[in-house]
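Heads up: the sequence lines are chains W and L, in that order. First residue of the first sequence? That's 3 in our numbering, and the numbers climb one at a time after it. First residue of the second sequence? That's 3 in our numbering, and the numbers climb one at a time after it.
Heads up, a few of these hints could be off.
Note that identical chains are pooled: a pair holds if it fits in a single copy or bridges any two copies.
[Claimed, not checked] Quick list of in silico lysine-lysine cross-link-like pairs, DSS-like style, CA-CA up to 25 Å:
| id | residue 1 | residue 2 |
| --- | --- | --- |
| 1 | 380 | 287 |
| 2 | 190 | 168 |
| 3 | 278 | 227 |
| 4 | 278 | 361 |
| 5 | 48 | 227 |
| 6 | 88 | 181 |
| 7 | 361 | 48 |
| 8 | 199 | 48 |
| 9 | 353 | 227 |
| 10 | 278 | 76 |
| 11 | 274 | 287 |
| 12 | 190 | 60 |
| 13 | 361 | 22 |
| 14 | 361 | 287 |
| 15 | 124 | 76 |
| 16 | 199 | 60 |
| 17 | 76 | 380 |
| 18 | 353 | 48 |
| 19 | 274 | 112 |
| 20 | 76 | 49 |
| 21 | 425 | 227 |
| 22 | 60 | 227 |
Worth flagging that the hints you see were computed from the coordinates, not collected in a lab.
2 protein chains.
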Amino acid sequence: MEEKALASDLDVINELVAGKKYRELRELLADMHPQDIPELMEQLDKKDIVLLFRLLPKEMASEVFVEMDSDEQKILVEAFTEHELKEVFDELYLDDTVDIIEEMPANVVKRILKISDPETRKLINEVLKYPDDSAGSIMTVEYVRLQPEMTVSDAFTQIRRVGIDKETIYTCYVTNRDKTLVGIVTAKDLMLSDTDKTIGEIMEEEPIYVDTLDDKEDVAALFNKYNYLAIPVVDKEKRLVGIVTVDDAIDVMQEEATEDIEKMAAIMPTDKPYLKTGIFETWRKRIPWLLLLMVSATVTGNIISSFETALASSVVLTAFIPMLMDTGGNAGGQASVTIIRALSLGDVSFKNIFTVIWKEIRVAVMCGVSLAVANFVKILLVDNALFGHGVTVAQALVVCITLVATVTIAKLVGCTLPMLAKKIGFDPAVMASPFITTIVDAISLLIYFGFATTLLGI
Amino acid sequence: MEEKALASDLDVINELVAGKKYRELRELLADMHPQDIPELMEQLDKKDIVLLFRLLPKEMASEVFVEMDSDEQKILVEAFTEHELKEVFDELYLDDTVDIIEEMPANVVKRILKISDPETRKLINEVLKYPDDSAGSIMTVEYVRLQPEMTVSDAFTQIRRVGIDKETIYTCYVTNRDKTLVGIVTAKDLMLSDTDKTIGEIMEEEPIYVDTLDDKEDVAALFNKYNYLAIPVVDKEKRLVGIVTVDDAIDVMQEEATEDIEKMAAIMPTDKPYLKTGIFETWRKRIPWLLLLMVSATVTGNIISSFETALASSVVLTAFIPMLMDTGGNAGGQASVTIIRALSLGDVSFKNIFTVIWKEIRVAVMCGVSLAVANFVKILLVDNALFGHGVTVAQALVVCITLVATVTIAKLVGCTLPMLAKKIGFDPAVMASPFITTIVDAISLLIYFGFATTLLGI
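Modelling step: build the complete structure from the supplied sequences, incorporating the hints.
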């Protein structure tokens, strides 16, 4: 529904642009939500993007700008006069300015820094210094600061004076003279308190805070746990330097989930949307794991080669190799992916490793036995009776025992590797299906040929 | 760090409980964050959970209760007197009450409904009626309602009067006499406006709203796009019936990502944390796909069987089967998982299908050729020179050509199936790696044996 609405808006806009009906165009844009406009702009010609942007009411311009993709932002910034550039960037919050600067080429960055006032320039440079994955890199410095000795009505005056430029006024931060964070006060507390009480009396002491260098994914997890709208960020001396707001935390959570999913599928993470990523970049993100996994499959190949004579005398066993390998890979993938997600949601940690292993062993035996029974029946009824493959009962038993052993080992490897990886400081997500599959393939073939040579005497 | 802190708290608590030092225990608990207490309680004995809960300061009790897992909630509710039950549930927001009721056995639900006042009981029953995946099921009915003709100072009086019981006071909803939603006013607007202006003058008209029956995942996506703190929910007549707050939207986003990840790993989604899920349930969630995928591997087995004679005469070809199958599976998995995530983030939709296919074909050929070259070199240098497997150049070429074809088809199948699934109303996430692997296995073997018989004349 929404998609159709946008499509018809696009037709109208193209018509108005073609007919140069700029007044109607301006009215149409003014009635839209700023967040809906970038999607439309992406589908326009380069020159029409600039035209449309200049028609936007002044107070909407920076709201629209901040939601655009960096490609379109670049087009605009390059077309902007110094005056326009200043108008747009003066309205942005510092965290958004920094995000944009990080995506722009050096000459554009220089222009942006030039039009910023010295105070902002200093702050931009400070925030740019924080590592990419730190709380400091996603914090904003526009927040309301109160002192403990202020009264509630002083606080309201302060909020009215400075609030318009702040990203959130719903949580205010109480600091001492030396800027140490001593408490927080929500707008709800202020609105529901007597106006002559002091902030010190009504504030929540010992609020949750994070350090500038804390991992931004840990910060996002705090929002999930405590349902906050903002969390204060302090430096090593516990002086307040910024806040992280819930909208930025949501972005971090979504990026984190996407990254985990990509790593699980043996792709190196990218932070661009699919359609914006060029084919060379997509290739570059996918080929390393494909290559590595292909080369490690040499091991499996060698195992098969070393049983060449056994296989030549009993080729029917070859037909079960894909089934055994796929089932092992799937069973291991289930365990590893479950544990990886549980680790990343904080449901499981290294101290649970024996609980996890004991649970996976029991589930694995149950899965393995169910599969073995189903497979035995299938061999007799389908492979033999229907297709006449002539699998002997002994051969069928070898396949079924291998199945139980493979599934058990696959689940064991699948649950252990991600936890060990996390323990030694690696990312558990790369220990997902493709990696597990390669290991499990080799193990399951060894078990298979082991049972086959022992039990069938080939 | 946080984990260690909790572990030492646990020791202290166990010591205080053993020594019956209840006053110290009460003081310790009062100083903690309500969200940290449930984690500690989970690790206590059943009877100590009840004891600890009764020691909580009154105003913390329901905050702690709402964060607990349903197992612990059940223990408490069963131990509660009617009076305690009423005390805890009177403090809960309606959406939380409904969430808890949904997890409780019938006799507990009856007790909860009995102690609720008639108005609340009616609302609970209404919210319970909405489907599990709808906006209605996650909305809260505690919000601030204003009329357009009120002044800003009337609005403040209203907020002070009713605000304490409302889940959010930061967005207020403006309705007509017939309860139709006509606008929203944020607390920021109110605090920064002249007190004698009317709400009608300062409100944002035509706010974004959702319908009670809209999919909750679509609602969560709106939060991601518009950075709201709450979104109003209306019925078919556009009358306001509730709001969805950002904390509930975050929960939906996290659940959605977990579900997608589970489906991608061939697991049926569960909504319980890993350690809380019994082994029978874990088995039940994993076995259906394992069985289905095992049985469908029959096809691959049959393909190998039908080339039995060819293989017996050239067993060296068998050694490459695992590598070809794994690489095909990995390549297809990369494409399918990327597209599934892009679909679920709204980066890609069905109208982009040709763009996607064209892009995947080019990436696939690049990946396929890179892999083929690497593989050819590997066969000559490692398999032949190092291990002396004696692979002929013709055989090596067959393997490499198959590799290019397999990777291309795998990526094509991997990107197309999720989009088609979405188009016809299925969940694209089940079209992930394991499913794609099974299809790609069969195709790659057919290609392999096809090339082998044609080019090698076996």
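Discussion item. At most 25 Å between alpha carbons: which applies to residue 353 and residue 227, within, between, both or neither?
Written reply: within (21 Å within a copy, 38 Å between copies)
Discussion item. When Cα atoms must be at most 25 Å apart, do residue 361 and residue 48 count as within-copy, between-copy, both, or neither?
Written reply: Between copies, since 22 Å is at most 25 Å while 58 Å is not.
Item to complete: State whether the alpha carbon distance between residue 361 and residue 22 is at most 25 Å within one copy, between copies, both, or neither.
Response: neither (69 Å within a copy, 35 Å between copies)
Worksheet item: 25 Å Cα cut-off: does residue 361 pair with residue 287 within a copy, between copies, both or neither?
Response: between (35 Å within a copy, 14 Å between copies)
Discussion item. For residue 190 and residue 60, with the copy left unspecified, which applies at a CA distance of at most 25 Å: within, between, both, or neither?
Written reply: between (32 Å within a copy, 20 Å between copies)
Item to complete: First find the shortest C-alpha distance between residue 199 and residue 48 inside one copy, then the shortest across copies, and answer within, between, both or neither for a cut-off of 25 Å.
Response: Neither: 57 Å inside a chain and 43 Å across chains, both beyond 25 Å.
Worksheet item: 25 Å Cα cut-off: does residue 199 pair with residue 60 within a copy, between copies, both or neither?
Response: This pair counts as between: shortest inter-copy Cα distance 24 Å, intra-copy 40 Å.
Fill in: Intra- versus inter-copy proximity for residue 287 and residue 380 (alpha-carbon distance at most 25 Å)
This pair counts as between: shortest inter-copy Cα distance 22 Å, intra-copy 41 Å.
Worksheet item: Can you tell me if residue 124 and residue 76 fall within 25 Å by alpha carbon in one copy, between copies, both or neither?
Response: within (23 Å within a copy, 55 Å between copies)
Worksheet item: Checking residue 60 and residue 227: alpha-carbon separation at most 25 Å within a copy, between copies, both or neither?
Response: between (39 Å within a copy, 21 Å between copies)
Item to complete: Could you figure out if residue 190 and residue 168 sit no more than 25 Å apart (CA to CA) within one copy, between two copies, both or neither?
Response: Close inside one copy (17 Å) and across copies (10 Å); limit 25 Å.
Item to complete: Please work out whether the CA atoms of residue 76 and residue 49 approach to 25 Å or closer within one copy, between two copies, in both situations, or in neither?
Response: Cα proximity of residue 76 and residue 49: one copy only (13 Å, versus 63 Å across).
When the structure is compared with the earlier hints, violations turn up for hints 6, 8, 13 and 17 and for no others.
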